[in-house]
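Required output: the full structure, derived from the provided sequences and hints.
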Amino acid sequence: MTRNKYFIKQLSIFSENKSGRLAAVAKVFEESKVNIHAFSIAEANSFGVVRAIVDKPELAFDAFSKQNYALQYTDVLGIKMNDVPGGLYHVANLLGSIGINIEYAYAFRTGTFGTLIVKVSSPEDAVEKILAAGLELVPATDYNF
Amino acid sequence: MAYYNEKIETLPRAELEKLQYQEMKVLVERLYANSVFYHDKMKAAGVLPSDIKSIADIAKLPTMKKTDLRNNYPDKLVCCPKEDLVRYHVSSGTTGKPTVVAYTKNDVELWAEAVARSLVSCGLGRGDVLQVAYGYGLFTGGLGLHYGGEKMGTTVIPASTGNSERQIELILDLETTAVACTPSYFIHLIDVAKKMDVDIAKDTKLRTAILGAEPWSESMRQYIHEQSGVVAHNIFGTSEISGPMFTDCGELNGMHICGDIAYTEILDPETGEVLPPGEKGELTMTILKKEAIPMIRYRIGDITSILEGDCPCGRTSPRIDRLQGRVDDMLVIRGINVFPSAVEHALLRVPELTSHFMLEITRTGPLDDMLVKVELKPDAMTDSINGLIGLQSRVERTLRDALNVSAKVELCPPNSLPRFEGKAKRVMDHRVF
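Taken in sequence, the protein lines are chains D and B. Take 1 as the starting number for the first sequence in this note's numbering and just add one per residue. Take 1 as the starting number for the second sequence in this note's numbering and just add one per residue.
Hints listed in this document are in silico derivations from the structure and should not be mistaken for laboratory results. Please note that the accuracy of each hint is not assured.
Straight-line Cα separation of at most 27 Å, DSS-like style, residue types lysine-lysine; simulated pairs [claimed, not checked]:
no., chain 1, residue 1, chain 2, residue 2
1, D, LYS56, B, LYS377
2, B, LYS18, B, LYS289
3, B, LYS377, D, LYS27
4, D, LYS27, B, LYS425
5, D, LYS66, B, LYS280
6, B, LYS25, B, LYS289
7, D, LYS18, D, LYS119
8, D, LYS18, B, LYS41
9, B, LYS97, B, LYS425
10, B, LYS289, B, LYS76
11, B, LYS43, B, LYS82
12, B, LYS82, B, LYS289
13, B, LYS60, B, LYS377
14, B, LYS82, B, LYS105
15, D, LYS119, B, LYS408
16, B, LYS425, D, LYS18
17, B, LYS289, B, LYS151
18, D, LYS80, D, LYS18
19, B, LYS289, B, LYS65
20, D, LYS66, D, LYS56
21, B, LYS7, B, LYS41
22, D, LYS66, B, LYS377
23, D, LYS56, D, LYS27
24, D, LYS9, B, LYS377
25, B, LYS151, B, LYS82
26, D, LYS18, B, LYS151
27, B, LYS65, B, LYS76
28, B, LYS25, B, LYS43
29, D, LYS18, B, LYS373
30, D, LYS66, D, LYS129
31, B, LYS194, B, LYS151
32, B, LYS425, B, LYS408
33, B, LYS7, B, LYS25
Structure follows, in structure tokens:
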């Protein structure tokens, strides 16, 4: 089975919720010459999960593994948004109407449009529904090389 | 009532030692004849019952340890017909396996006798109301104080642990004069009373506390007195010797170990040599008349010394000082014995974790908190925060089930906890007693 071209490989990295930990994570990217397109931090209790979309996920994965980080690939989708007031509403409203439940999301802007990164429970299914609803997905190759 | 059993409690020391020797001789002969375990142990040590010719010869006898009970789980050390047993108590395990202690009718009575004498030595008598706020159940604290209290004629309230506001209401409504519980729980009760606008010294009849099952200090005794006007007595015991048994008397200077019930020695923890009074070492006890599971020279693992000199209270039994630590790495968390090896054993059951961990013990207010830092295995990572929180709660449940005490768990990244060469120092105990 060929990998769905819209599945973006996100890195999910376990980190302690302590000062200096983000810098330590960022340093691994820096040292392995991996560029970060987007990232977010989710925290719970004493720990956090750093989620990042990068240009060379495999390279980054190896670099983190070598330094004993616990990390995982997660397939996420990138939905294009118009960079105008109401851009997010339009997308979110459509996702709601076609019954897509978002586990988490974060957004960033490249060039003239915004991208909403979403984690959904069954991405295969979601890709079809999202495209059928007339929304545009960003191909993974735009981010992961 | 000055003494519960004046004759025996004030028996001149020389006579007491004679009595101890006689009891010991009978015990050794009985065990040599009836206990496969102790028979083999004596044979291995090259000692025969006939070698015990004086009280000093007791030092020739082999010692026993907690591992002997554990290795003979559940009842292989029971030395009487099973139908003669009237009760079991079970203590939490150190490596997953608990230890079982069994009692005949006489064992329960002897235990109650020791507690009764101790409670009288604390100044209690008929007309006192003793609220037992130790746990009732497999733990020996609740039933031990209960039977002793009833035997010496106090009115006993089997309050058991927990529900602190209810405890204060009982103290008020039933005119409780004495409470038995752990020292940290008593300090908690003082705080709860304050929150309820109850001044223990003015509004209640509570004047005595019988505190034990966890380490505490003279400064805690003073604090309790300043905050509540209550005189706090120290009680000692462990399930292997029956349960809580011996307290300090009104002098508040050492716990009297009733000489006709127990023979006390302090051993050098390294060499096993008997140390003289005044020297610190491992507390070792022989319970002279125990029937179901006799304990000869049982090395309890607590560090203390036998106090020199006679006690002004008139009791001739030897006194031991406050416990000053352990020879092993056992911790007492909220009155429950916890061995780091038990934590290690429990964590093995969680496949998402490495074998490394750290224990941090703190005391916030009166209560102990145990934090267990564990390490996530790299391949156990999940993107789901709920998944990680779920793992954390699963580890907390696993530890609570294994240790009988709750612990907070902190998930740490792989390879982030200290590695030890040689003896691991996994415990950071920040408590001040």
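Hint check, failures only: Those not satisfied are hints 4, 5, 8, 13, 15, 18, 21, 26, 30 and 31.
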